[in-house]
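Keeping their order, the protein sequence lines are chains A and B.
368 is the number that the working numbering gives the last residue of the first sequence; the numbers go up by one with no jumps.
140 is the number that the working numbering gives the last residue of the second sequence; the numbers go up by one with no jumps.
Everything labelled a hint here was simulated from the structure, so no lab data went into it.
Please note: incorrect hints may appear among the correct ones.
[As the list claims (entries may be wrong)] Result set (PhoX-like, lysine-lysine): computed pairs, CA atoms no more than 25 Å apart in a straight line: (1) K321/A x K280/A; (2) K147/A x K45/B; (3) K47/B x K232/A; (4) K88/B x K180/A; (5) K47/B x K132/A; (6) K78/A x K47/B.
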Amino acid sequence: MYGRKNFLILLISFLFLFSFSFSEDLIDYQFGRGIKFKNCPLRFGGYFAVKYENTSQDEYEFNIEDAALLIYGDLTQKTRFFLEIGAKELYVKKKEIEDEEDENENEDEDEDKDEDKKTFIKEEKELNIKPKIERLYFDYLYSDYLKIRIGQFITPIGLWNPVHIPPLKWTLIDPVTATKFFPRLTTGIKFFGLLPFQNETWEYSLFIQKTKNINETHNNLKTDDFIGGEIKKYFESVSVGLALGKFKDKQIKKDLNFVGLNFDFTCTRLEVMAEYMHGKEKDTNIDNNDRSSYYLQGVYRVFSKNYLILRKEYFKEVYNKNKINAYLIGWNYRPLYPISLKLELQWKKDSVKKESEREFATSFSILF
Amino acid sequence: MIKKLIIIIFLICFESFGEEILIIGNKSLPVDHLSKHEVKLIYLKKKLFIKNIKLVPVNLSPFNPLRKKFNKYILKMDNEQLNLYWNKMYFYGIDPPVVLSSQRSVVEFVSKIKGGIGYITPKYLNKKVKVLLVIEVEKN
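Next up, chain B with everything else stripped away, as it sits in the complex:
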């Protein structure tokens, strides 16, 4: 009984680690890899181009758990900090990334828009987009 319990706890713990976030891009992008820092600059709209292609980052809604993880691991900001950041950018005429409602829409958007960049979990990945970065995050 105790052994079973230990195994269950171990499996739960194991399950809670090791989730991946994939940063995906349109197939026409002339790069195959981005660093975390580059992704951060792209999502803060400080980096606008990759070799003359205008980038179009897309976000999930602020309440989406994957967006919260993306904010935490890539942007290293919470929602309140981001809102203050975008207040400042608004004052300079720079809009935040487009928000889409689901990961499926993100894949669809990125596959169709030339400079499209998004983030998804592996189960939504298909051949219409390419993976630019894989980030290991805690599941919960």
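So that you can see chain A by itself, here it is in the shape it has in the complex:
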């Protein structure tokens, strides 16, 4: 553990040392695009994000949520290397309000819970500076129609998941559609590229995982058996994607299948994106534990560097009879293209909790 920490510190020191000790001719640095040394095939860069959230229950969270280093480059004309190493939730200060009844779930259920319900406030601080490998892979570019990736990579499904880091996302709060249906990261092999017909307007990716992840700390769902793919068609200003997959969830020890559809429309000032996911548990005693979710999001460039975001989100779980409806309004200001300042408000209604929640979130994130 300490070895990795020292490695990161060493690497950052190395970068700073080099950036000061070489003349401009030997260094190519562009803000938001990393640094490259002459005669070195690799580029070094990264990103950083900090956020603050507050809910209608008077809970809050201040979180230095992401710091990552990217190292990548073309090793030869046909091979590429990529490494992302980073720490998540480096420093968290939060206040949570929890119901005491949660700890006494086995007590007589007939009791009137509302009368006995007590809440307690939990305030805590955490410091976590352990860097982990987020992505590590090699690409072999056989042709535009067949590229092969081996290692740990982002699961190439949907619109949100492939760009889920704070400086790239439109909003800080992720839609459920992008987080609950498949593992965010995959370790294995991926085949991807363009399809050689219809003027190369189709793209595909197929991947398979049959081993545990290189590092699964930052993965939302843990798996060692995952197969899936997506096919996408591009029109003039529209793209439509269809995804399929199945994986074994190591935590609940069940096989899960999913199917997804996504749509994106882009013109100069407006982007409309939508994703739909449907998940199904296999080999289960429960008759029907299907889950489905969608979101529809509009991003409008109100004026230069300022974007208004509106989103409607829906999630349904058949077995629990759980339904979530959420609405979000957000503002994303990009004073410089590698910087993103976000401000957003989400209203969420959960049919199980039977109460509405309001969440306010703001963040600062930067690519460097």
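Put chain B on the given structure of chain A with help from the hints.
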């Protein structure tokens, strides 16, 4: 007087249409024509090869008027959209095309680099490169 004025206005209008952007490539490229869509894919780094030759697209600076027209007519994106696109690509370790300072440098670069591809106006064209696509654009 009115006739002269009409002729002048006509000439100004005529002059404002019909400018051409030439997409040029290195002479060793095994193709003689590219479609607009192919050029777009090349400049967005989605298409990397032509028959096993690695492509090296080159851009002019973001403030160059010809680059703005190229973005508008070929990529169909403005600078802000492109910056957001390259932010995403950076996250995947893909760098934007090399930027050169003048059309003369573009011709020089394309003529020397095997997979070189660039765009220029006709007055900079010479025999060291080949034209892969001609695009008619509004002059202003």
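Pair hint K78/A and K47/B, alpha-carbon separation not exceeding 25 Å: 13 Å, holds
Quick one, are K47/B and K232/A close enough, alpha carbons at most 25 Å? Distance of about 15 Å is within 25 Å: holds.
Does the structure keep K147/A and K45/B at a Cα separation of 25 Å or less? Distance ~13 Å between K147/A and K45/B Cα, so the pair holds.
Below or equal to 25 Å on CA atoms is what counts here, so check K321/A against K280/A. 15 Å, holds
Would you check the hint for K47/B and K132/A, treating anything up to 25 Å between C-alpha atoms as holding? 32 Å, violated
When you check the alpha-carbon spacing of K88/B and K180/A, does it fall within 25 Å? Between K88/B and K180/A the Cα gap is close to 23 Å, so the pair holds against 25 Å.
Going through the hint list in order, the structure does not satisfy hint 5, though it satisfies all others.
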